[in-house]
Each structure stands twice: as C-alpha cells, then as structure tokens.
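There are 2 protein chains.
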Amino acid sequence: MAAFTRLTYHQRVHNNLLSSLTGPAAARPRTFATTRIRMSLQESAPSLAVVGVTGAVGQEFLSVLSDRDFPYCSIKMLASKRSAGKHITFQGRDYVVEELTPDAFQGVDIALFSAGGSISKEFGPIAVGKGSIVVDNSSAFRMDENVPLVIPEVNPEAMSGIKVGKGKGALIANPNCSTIICLMAATPLHQHAKVVRMVVSTYQAASGAGAAAMEELVLQTREVLEGKPPTCNIFNQQYAFNLFSHNAPVLSNGYNEEEMKLVNETRKIWNNNDVKVTATCIRVPVMRAHAESVNLQFEKPLDEERAKDILKNAPGVVVIDDRAANRFPTPLEVSNKDDVAVGRIRRDVSQDGDTGLDIFVCGDQIRKGAALNAVQIAEMLL
Amino acid sequence: MAAFTRLTYHQRVHNNLLSSLTGPAAARPRTFATTRIRMSLQESAPSLAVVGVTGAVGQEFLSVLSDRDFPYCSIKMLASKRSAGKHITFQGRDYVVEELTPDAFQGVDIALFSAGGSISKEFGPIAVGKGSIVVDNSSAFRMDENVPLVIPEVNPEAMSGIKVGKGKGALIANPNCSTIICLMAATPLHQHAKVVRMVVSTYQAASGAGAAAMEELVLQTREVLEGKPPTCNIFNQQYAFNLFSHNAPVLSNGYNEEEMKLVNETRKIWNNNDVKVTATCIRVPVMRAHAESVNLQFEKPLDEERAKDILKNAPGVVVIDDRAANRFPTPLEVSNKDDVAVGRIRRDVSQDGDTGLDIFVCGDQIRKGAALNAVQIAEMLL
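Sequence order for the protein chains is Y and V. Counting from 11, one number per residue, gives the positions in the first sequence under this note's numbering. Counting from 11, one number per residue, gives the positions in the second sequence under this note's numbering.
Do not take every clue at face value.
Since the list gives no way to pick one copy over another, a pair counts as held whenever it fits inside one copy or between any two copies.
[Stated by the list, open to error] Quick list of in silico lysine to aspartate or glutamate cross-link-like pairs, EDC-like style, CA-CA up to 20 Å: (1) Lys-176 x Asp-79; (2) Lys-91 x Asp-284; (3) Lys-173 x Asp-104; (4) Lys-86 x Glu-225; (5) Lys-131 x Glu-233; (6) Lys-86 x Glu-163; (7) Lys-286 x Asp-364; (8) Lys-238 x Glu-225; (9) Lys-131 x Asp-364; (10) Lys-96 x Glu-315; (11) Lys-91 x Asp-113; (12) Lys-140 x Glu-309; (13) Lys-322 x Glu-167; (14) Lys-86 x Glu-233; (15) Lys-322 x Asp-362; (16) Lys-91 x Glu-132; (17) Lys-178 x Asp-77; (18) Lys-318 x Asp-364; (19) Lys-131 x Asp-77; (20) Lys-176 x Glu-267; (21) Lys-286 x Asp-362; (22) Lys-286 x Glu-309; (23) Lys-91 x Glu-233; (24) Lys-173 x Glu-314.
Keep in mind the hints are simulated off the structure, nothing from the lab. Remember, it's a predicted structure, so these values are computed and weren't measured experimentally.
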C-alpha cells in the first residue's frame, strides 16, 4: 500500500501548502476565465489508458479528465510492476492499477503517457502499433519530425488529421512544461509582431522533478527550520531556502537539456527555425508552478497597451498587471489553475522604439505544463 | 531590550538556516579567495560611526569591520531613538547605542550609513557639514551627479581625491545590492569586449528587505508547514514557497525602482550612458544571497573560455562552473562569503558568433551587496 501512503502524503502536502491557502479545492475555480469543452459520458466514447498513473502528472491526468468531463467508455490505470495491484478511486469507481505490458494497449483508443522517456520510447510505439493514439508527456519524441508537438491554443494544425475512430495509431508529443508556459504568453504577441529573439530565465517549481521532489522540499524545509542537516535524495544539494541551476544534464554547449528544450521546441511549435532563443533554467523552492521572466524582441512594433489587449484576449491566458497595487502573477496564485498568468508587461527600455517587451509569466507546471495540455490534445482527437 | 531579542532571533535564524549547514561561522571562510587589506589598530586611526547599527546591514558593518581588522580609534553606534540605550558588544567592548542627532557626528571621520533613504537625506549632509566622510548604503544620493557611486573593484577612480584627514566631509554612495553583484561579474567582461546590452533577471533574497523580512519568511514557512495561514506583515502576500515581483514601487514606465536602479546605476558606474540594460527583479524565498541570470551582448567577440579566464582572474569573483557535476553558484553557497560567484558561463546560442554570453551570478546581499562594499570604500579613504 506504499503508493497510497505516498499519494496521501502528496495530498496532504497539497492541502497544507496550496489548498488551505487559496481556499478549499472544491470551492476554488480551476481556471480564471476559461472556455471548457463539456461532454457528457457517451457509450461511443473512447477507451482510455493512463500510463504512469501513480506519479504526480498521472494523478493530475485523472483530476483533469474528471474536471473536464472527458468522455470515456473505459479507463485503464497503468504503472510499473511495483505499483501494480494498488487501488485508485476515480469518479466513484475503484480501479486496480495494472502492470504496463505490451498487451495493456489492446483496444485502447487514447493513451496518456507520463512515465518518463524510456517507458515512452519502449511502449509508445507498441501502443501505436495496437492502434492507440499516444499523447506523450515525455521528451522522447518531441523533436521527432514525424511527431506533432502541440499546444492546443498555439499550433492545433500540427495534429490535424489525427482523430480517434480512424483505426490508426499515432504519437503526439506534449511540449516541455517551461516551453508550454512561455509560449502560451509569447505566441499571441508573436502572431502580431513576430518574435525574432527571446531571452528566458525560469523560476521552476519542485513539481517538475516529480512528487518525490515536492516531498523532499517539504522535508528539507522542516529539517532546516529545526537546525538539522537536510536530506538530499532527489537533488544533490540543499533545496530549502536555496535555488540552483536546473538539474537536467548539461550539454557540451554549456546549456542544460531543459534550456535547449525551450530553444528547440519553440522553433518546432512556431514552425520557425529562425527564431532566436536563449534560456537559463533555475530550480526555486516553490511547490508546483513555474515562473518565467521573458524578454522579447519583435520584428514589428508592438506597444505595451496593445500587448496587454492581445494577452487579455488570448485563450488560456489571464493578465494580472496592477502596477499601483504591485500585484502581478505569482506561482502560488496559479497553482491548481488552468490558465497561464502574465504580468509585468512593459516596453523594454533597452530596445529602440516599441520593438521590445519584458513580461513575467506563471503557470501550473503539473496542470497546463503537463496534464491539462495533454488532455486538451486528447479532446481535439474526438 | 527588544532589539537584543530581535538580534538574538536573527542570529538564531542564521545559525539554523545558514551556519549549521555550511559549517560553524568561525570555521567558515568569509571569502573564497580574496585579497584583504589587513591593518593593525593605530592611534592615528579614524573615528567611525555606524548609522542604523541595529539593522541587518548595520550588524554586518560591525562584522565586516571586525573581520577585516579595520583600524579605528573610536566607534559610535547610532540608531533611532527607539533603539538608543541598548547595548552592543563589539570586539570585546560594550557599547551603548546612541540616538542619531546632528551632534553625533562631531569628530567622526567616517560614517557608514544604512538606515534608509530618508535618514540619509536628513543626516548625510549634516555629517558632511561636520567634516565626516559618509559612505551611504541607501539610494538617496546614488544618482546625484556630485556623489561618486562606487564598487571598489570596478570604479575606484570615481572617488579619487576623497581621503580621511583632509578635514573635508564628502558623500560616497554604495550601489544597490543587485547592481553590485551583477557588475562584479559583468565588468571584467565589459572591460574586454564592451557590453552593449544586458538583460538581467534577479532571484532576490529576503535580506534585501531587512531582518524583519527574513524573520517573516521563517515564520511564514513554519505556519504554512503547519497548515496555518501565513502572517503577512512585511510583504502583502505569501512569501513562503512562493515568489513575486520585487516589492519596490512600480514607476510609470512599468519598471519597479529596483529594476531601474540596475539600469541607471550601471550607466553611472561604467560612466557609459549608451549601455542598454533591462531587468526583471523577483523576490524568491531565499534568506540572504541574491542570484541573477545575466544575458550579455558585446561589441567585440569574447568566447566562453576567454570569459572564464577573465572571471577567474577578476578580483572579488570566484568561478563555480562544473558542467559534468552540474555544480554552479547557489545563494546558500555564497551566503556569508565575500566573493561573488559566477557560473553557467556559456556562449549565447541566440546571438551570432561570439558576441553574446549567458552567465549566472550569486552574491551575499548583506555582505558584498551592502556592508562589505561600503567597508571596502572606507578602506580606500585611508
């Protein structure tokens, strides 16, 4: 029953750190002002599988599916052998977690994967071979030219033609969380004035490294407050009251993999190999939402008032930009919310005229940065 | 005895959060590899005053003066009426805190101010009138064209001619902490390749808002871990496990004052009105050291290996840049240290050739960002 213990603890972390501070989860809107696709359960609805269901994103897949009334006729809860046999309650029904095997995808229309790159590499093609459409949250296939990399609000056209019910499997990749959150805000501006260069610095939450990292941050914080040495199992250094360069491996060009995802995925999603991007990715002691400081250089002029209007009207985006009250987006405020929040929208004083803007973006890493985006992709398959 | 309680608590915070994690303070080197000016006590040494001695920076003034064997024949401990009468032990002697009055500067050669801008504006000119040389840590006089704004390693020439013993008072301004930490790393590169544009995103510690803010971060963190609502006295929102746009007032151009300090002070310190700077300043739940992600655009090519060499040889700078071990500067590592640490030194892939670099800088906000820099300025007066 270890997974239950873990999930319960995870839940408690949420209750303590997030829900109790922003109101009880049930009463708290998941979104600021969103347009949801509401569907009732249908007999002809697709059969689903959630791969990596016991992880932080896996659990959020279930939460989002439920919140959005995603239609399904059946749902398989898949995880590693270690988690098989555990019980999960979903929409009032008890499910037993099944071991992920090649046979598990028999009859599955849509499989939501979030079990790490190696699992996706091994089982993604198997699922496709069985006719499943795989929405993969790992980085395994993101840069594969045959696999669409999709943010539904940004480039839905990339997956046109892929539909449930055609009897044909397919792979669709969910972008990296930092890329999704950045491009939710940058794309509407890009569509108006064309971004030529983007300098991004991130403030990334523990959740990006999984539920165990969130737990370690809580544990370390308690230890440090008690004057004890911090337990460092997930990261190789103290995280509580500290920050550090993202833990992704550093490549030969000095960028870490997380940073190069922002560089390369932006080009693929915007279908524009000319856009210049640099990024510095930093892990900060925040629980589950990322923040990003984004400096934009445009081809065409775009003044800050127009930019605010564009962002206010952008799908999945909310503008929080009250200069008098010094109220701007924070990770805590967007935690457990669907929309990405943008603020600090201002003309960049280091660029000439109106060709540059600075913005600050926050988005829930587990939700829009992972599970929600994947479920939105799945909604487009129907 | 309220101040003693506060200082004791402050000390406890340090012990718990910093010292116990990086070794006891006595055993911990204050610097990575620094060149200190060591002076023995002299009869002819200057008389000192510390204004705002009970604050976080005031306390650090004393610590730095002691660590660096700063010569003095006498030292006045000055603070508000509220703190007057309290006792401070310094270098084995008991001092009574005196109320800050115009007469307090009689016979004072060097006055180190850190009591906020309004105190500096009121008492700085009075002290100068009495013949004191004021090293002011507030923003009151930084942009005054008659007042040098000095980082000793960067622009010592700006204060040439100001010396103790000439019987003439003077004002010297200590730059903003974020500016000092940024320019400690950027200047050596600027001297080689000329920075034309700089995009800075900061990760600023609680200490920049004073000892009470550090205490509130600890208190809030305890409260949040216990599931209680956080006490928000210093900031208007939750700080524990969160981050937010810097609390400085936002100006009409959308930048906050902290950001414009980086823009304007850089120009003054570099004596170069053409350098283009933009900054986004963010408060993160870290105790006492700032981090900054700095994107640099140069006039002349500067490759990353040369940049590393330059930084390794720069005074007051230490390079921490181990890509294989993913080891780079962290705020915790530089806490209570003199040197500014630089890492993540890499060619910016968004710029052509070798005309761009990304770097990540960490520095102790209270020490090099405030007290140490001021004491170094004072050393140059002797």
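Status of each hint after checking the structure:
{"no.": "1", "hint": "Lys-176 x Asp-79", "verdict": "neither (23 Å within a copy, 80 Å between copies)"}
{"no.": "2", "hint": "Lys-91 x Asp-284", "verdict": "neither (45 Å within a copy, 62 Å between copies)"}
{"no.": "3", "hint": "Lys-173 x Asp-104", "verdict": "neither (29 Å within a copy, 80 Å between copies)"}
{"no.": "4", "hint": "Lys-86 x Glu-225", "verdict": "neither (27 Å within a copy, 49 Å between copies)"}
{"no.": "5", "hint": "Lys-131 x Glu-233", "verdict": "neither (38 Å within a copy, 43 Å between copies)"}
{"no.": "6", "hint": "Lys-86 x Glu-163", "verdict": "neither (28 Å within a copy, 64 Å between copies)"}
{"no.": "7", "hint": "Lys-286 x Asp-364", "verdict": "both (19 Å within a copy, 15 Å between copies)"}
{"no.": "8", "hint": "Lys-238 x Glu-225", "verdict": "both (17 Å within a copy, 18 Å between copies)"}
{"no.": "9", "hint": "Lys-131 x Asp-364", "verdict": "neither (45 Å within a copy, 37 Å between copies)"}
{"no.": "10", "hint": "Lys-96 x Glu-315", "verdict": "neither (53 Å within a copy, 53 Å between copies)"}
{"no.": "11", "hint": "Lys-91 x Asp-113", "verdict": "within (14 Å within a copy, 79 Å between copies)"}
{"no.": "12", "hint": "Lys-140 x Glu-309", "verdict": "neither (46 Å within a copy, 57 Å between copies)"}
{"no.": "13", "hint": "Lys-322 x Glu-167", "verdict": "neither (23 Å within a copy, 50 Å between copies)"}
{"no.": "14", "hint": "Lys-86 x Glu-233", "verdict": "neither (39 Å within a copy, 40 Å between copies)"}
{"no.": "15", "hint": "Lys-322 x Asp-362", "verdict": "neither (25 Å within a copy, 34 Å between copies)"}
{"no.": "16", "hint": "Lys-91 x Glu-132", "verdict": "within (15 Å within a copy, 72 Å between copies)"}
{"no.": "17", "hint": "Lys-178 x Asp-77", "verdict": "neither (28 Å within a copy, 72 Å between copies)"}
{"no.": "18", "hint": "Lys-318 x Asp-364", "verdict": "within (14 Å within a copy, 35 Å between copies)"}
{"no.": "19", "hint": "Lys-131 x Asp-77", "verdict": "neither (29 Å within a copy, 57 Å between copies)"}
{"no.": "20", "hint": "Lys-176 x Glu-267", "verdict": "neither (36 Å within a copy, 58 Å between copies)"}
{"no.": "21", "hint": "Lys-286 x Asp-362", "verdict": "both (18 Å within a copy, 10 Å between copies)"}
{"no.": "22", "hint": "Lys-286 x Glu-309", "verdict": "both (12 Å within a copy, 19 Å between copies)"}
{"no.": "23", "hint": "Lys-91 x Glu-233", "verdict": "neither (33 Å within a copy, 39 Å between copies)"}
{"no.": "24", "hint": "Lys-173 x Glu-314", "verdict": "neither (39 Å within a copy, 48 Å between copies)"}
Hint violations for this structure: numbers 1, 2, 3, 4, 5, 6, 9, 10, 12, 13, 14, 15, 17, 19, 20, 23 and 24, all remaining hints satisfied.
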